[in-house]
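Chains as they are written, first to last, in the numbering used here: chain A, 1 to 178; chain B, 1 to 513.
In short, the hints are calculated from the structure, not lab data.
Fair warning: there could be bad hints in the mix.
Unchecked claim - Within a straight-line C-alpha distance of at most 30 Å, the following computed BS3-like cross-link-like pairs (lysine-lysine) qualify:
#1 B:Lys461 with B:Lys508
#2 A:Lys101 with B:Lys89
#3 A:Lys124 with B:Lys89
#4 A:Lys170 with B:Lys118
#5 A:Lys135 with B:Lys89
#6 B:Lys14 with A:Lys170
#7 B:Lys13 with A:Lys170
#8 B:Lys201 with B:Lys89
#9 A:Lys170 with B:Lys15
#10 B:Lys508 with B:Lys432
#11 A:Lys117 with B:Lys501
#12 B:Lys501 with B:Lys480
#13 A:Lys170 with B:Lys89
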Amino acid sequence: MDDLNTVARPYAAAAFAQAKEESQLDLWSEMLHFLADVVRDADMQAVLVNPKVTDEQRLTLIIDVAGGRLNATATNLVKTLGQFRRLAALPAVAAQFDRLKAEAEERVEVEVISAYKLNAKHQKVIEDAMRERFKRDVVLTNHIDRDLLAGVIIRAGDHVIDISARGRLKALTQELMG
Amino acid sequence: MQLSPAEISDLIKKKIENFDMGAEARTEGTVVSLTDGITRIHGLSDVMAAEMIEFPGGVYGMALNLERDSVGAVILGDYEGISEGDTVKCTGRILEVPVGDALLGRVVDSLGNPIDGKGEIATNESSPIEKIAPGVIDRKSVDQPVQTGLKAIDAMVPIGRGQRELIIGDRQTGKTAIAIDAIINQKGTGIKCIYVAIGQKASSIAGVVRKLEEHGAMDHTIVVAASAADSAAMQYIAPYAGCAMGEYFRDKGEDALIIYDDLTKQAWAYRQVSLLLRRPPGREAYPGDVFYLHSRLLERASRVNADYVERMTNGKVKGKTGSLTALPVIETQAGDVSAFVPTNVISITDGQIFLETDLFNANIRPAINAGLSVSRVGGAAQTNIMKKYGGGVRLALAQYRELAAFAQFASDLDDATRKQLERGQRVTELMKQAQYSPLSVAEMATSLFAANNGYLDDVAKDKVVDFEHALLAYMNSSRKELIDAINAEPQASDEVATKLKAALDDFKKNHSW
Chain A
1 MDDLNTVARP
11 YAAAAFAQAK
21 EESQLDLWSE
31 MLHFLADVVR
41 DADMQAVLVN
51 PKVTDEQRLT
61 LIIDVAGGRL
71 NATATNLVKT
81 LGQFRRLAAL
91 PAVAAQFDRL
101 KAEAEERVEV
111 EVISAYKLNA
121 KHQKVIEDAM
131 RERFKRDVVL
141 TNHIDRDLLA
151 GVIIRAGDHV
161 IDISARGRLK
171 ALTQELMG
Chain B
1 MQLSPAEISD
11 LIKKKIENFD
21 MGAEARTEGT
31 VVSLTDGITR
41 IHGLSDVMAA
51 EMIEFPGGVY
61 GMALNLERDS
71 VGAVILGDYE
81 GISEGDTVKC
91 TGRILEVPVG
101 DALLGRVVDS
111 LGNPIDGKGE
121 IATNESSPIE
131 KIAPGVIDRK
141 SVDQPVQTGL
151 KAIDAMVPIG
161 RGQRELIIGD
171 RQTGKTAIAI
181 DAIINQKGTG
191 IKCIYVAIGQ
201 KASSIAGVVR
211 KLEEHGAMDH
221 TIVVAASAAD
231 SAAMQYIAPY
241 AGCAMGEYFR
251 DKGEDALIIY
261 DDLTKQAWAY
271 RQVSLLLRRP
281 PGREAYPGDV
291 FYLHSRLLER
301 ASRVNADYVE
311 RMTNGKVKGK
321 TGSLTALPVI
331 ETQAGDVSAF
341 VPTNVISITD
351 GQIFLETDLF
361 NANIRPAINA
371 GLSVSRVGGA
381 AQTNIMKKYG
391 GGVRLALAQY
401 RELAAFAQFA
411 SDLDDATRKQ
421 LERGQRVTEL
431 MKQAQYSPLS
441 VAEMATSLFA
451 ANNGYLDDVA
461 KDKVVDFEHA
471 LLAYMNSSRK
481 ELIDAINAEP
491 QASDEVATKL
501 KAALDDFKKN
511 HSW
């Protein structure tokens, strides 16, 4: 996973630059995620690691599957990846592309995990607070996890703010255990 | 099932009351791999170098390698419960240990947790384990002695407060014995001691603690133990943890003595950690920063001036200097002092006490090689009387060594040579001292005075040790006031010399040995 990220970095940067030139960030993101899904597929994984399949065959297969959903430059990216045998890095490329895209659009994705569904007012409070904190536009998604008992966990990338009852109980347990 | 003293409901209630309910805002990461106590973590975008990171189940680690896509960290403690995919949290704190007077008399691990079964340590102060040493402006020159209570050391290689004096020698040459004697001799002097045991057998550490207790030396001593069974990371950080505890005393205008026993094993532990973190190996497979590993540690042992102490205590302590004296121990392999780590530490320290297997086997204990042992700054700190009477010893031994080699071939020697040889033999005998029997300044001065003034010349060579015993027993009973006077003011005045002369004449005339 580590290595793939390192491998993916230049490809993601190149794809992003290209997408920006074409002014088609959304389309590129869609294409890359589709390719990532293709590569993640179990059958496709088997093909990717099968030594009997030639590089040529692998490349043709992916392009055939993706078919009409890729534009010319994206097809070229797949070819380049195939040439250097880096097709397995496609999911990482897609993830990094999204990160670059979010960065460029000054947008941060915030995941709120709560015990109960957030109402509009609470959602607004959290959105405002996060906008203040990250100085970015906030895209908020809400997930429900009954195990939290009460409160929320707010997650934005690596940053986690835990104000759930479960989190506090855990901290208290640890404090008492020394 | 037995309850621990911390489980009384009142205490638990208090803990719950004081529990900080603030929101936790942290960066998180995921464990990607775990090998031999080293983890790679994905995420943790805000982590700092040497920051404490928290694994599930209250296990802590220390971030060491900050790379582009991952963080390399060592786990401090058990890593059996941790698995790939676990969530790791930043704590926002550099690794720190508890410090304070409450630690005295206790045995703690590298993180400052008590391991002596005497309950919690009542201190709420803590200090980061890695600190920058005091700068040039904050220092004061070394001019007060640390008495080790060993004649051979206090006379020939004196140690000053704030000095770094290396104890080096092969295995089984009495390195730890010297360190323990030095700790025992600090009883009642106000010097606090820290004994850091690194990579030793747990039984040896228990033995040391028992000996210190027996001699009433635990009251002024902290033992930091990272035994051979502890992880390499714990062994690596133990000296820094001990140093932080010692700096607490230094910074409040007191004197402290720290013993790192031994830094060879710490370097091994660091080598292991570094290689597992995939840092490139260099000479003897040590990483590139093994010199800095020891230099930054030993540089923290220092004497600081009153201004510094005043600043560190926010003006509470005025006009007092503080010091942290370090006695690092290095174990050589077959006397090879030119190996990597020994040469490094020799060059960092202000002198070394060199112990030899041959001398040890020849029953000369402490087995100090007087020619190779030096103290580069201690002379300035020696008490006047030890300087005056101890000066002749070094010279006598140096001349003796030169002649002894040559005299083996010559059958008849001239009078002067023979005399020097005999003097040397007797001084060598006189420098012997049993373990756990440190001497006061006055006792040492008496022995040295006797040697310098020819009182030993007519004592049979193999009777010198007995002579000294009888002499000191006589001095402590019949001449108590003289001993007390010298201890109170260790000056080599004419008056003291006259009195010592009278005492020795009386002893030789009227006593047997």
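Outcome of the hint check:
1. B:Lys461 with B:Lys508: The hint holds at about 16 Å.
2. A:Lys101 with B:Lys89: It holds: about 27 Å lies between the C-alpha atoms, which stays within 30 Å.
3. A:Lys124 with B:Lys89: 27 Å, holds
4. A:Lys170 with B:Lys118: 27 Å, holds
5. A:Lys135 with B:Lys89: 23 Å, holds
6. B:Lys14 with A:Lys170: Given pair B:Lys14, A:Lys170 holds - Cα atoms ~18 Å apart, limit 30 Å.
7. B:Lys13 with A:Lys170: 17 Å, holds
8. B:Lys201 with B:Lys89: This hinted pair is violated, its Cα atoms lying about 34 Å apart.
9. A:Lys170 with B:Lys15: Given pair A:Lys170, B:Lys15 holds - Cα atoms ~14 Å apart, limit 30 Å.
10. B:Lys508 with B:Lys432: Holds. B:Lys508 to B:Lys432 sits at ~21 Å (cutoff 30 Å).
11. A:Lys117 with B:Lys501: 96 Å, violated
12. B:Lys501 with B:Lys480: OK: B:Lys501 and B:Lys480 at ~15 Å, within 30 Å.
13. A:Lys170 with B:Lys89: OK: A:Lys170 and B:Lys89 at ~14 Å, within 30 Å.
The structure does not agree with the numbered hints 8 and 11 stated previously, though it agrees with the rest.
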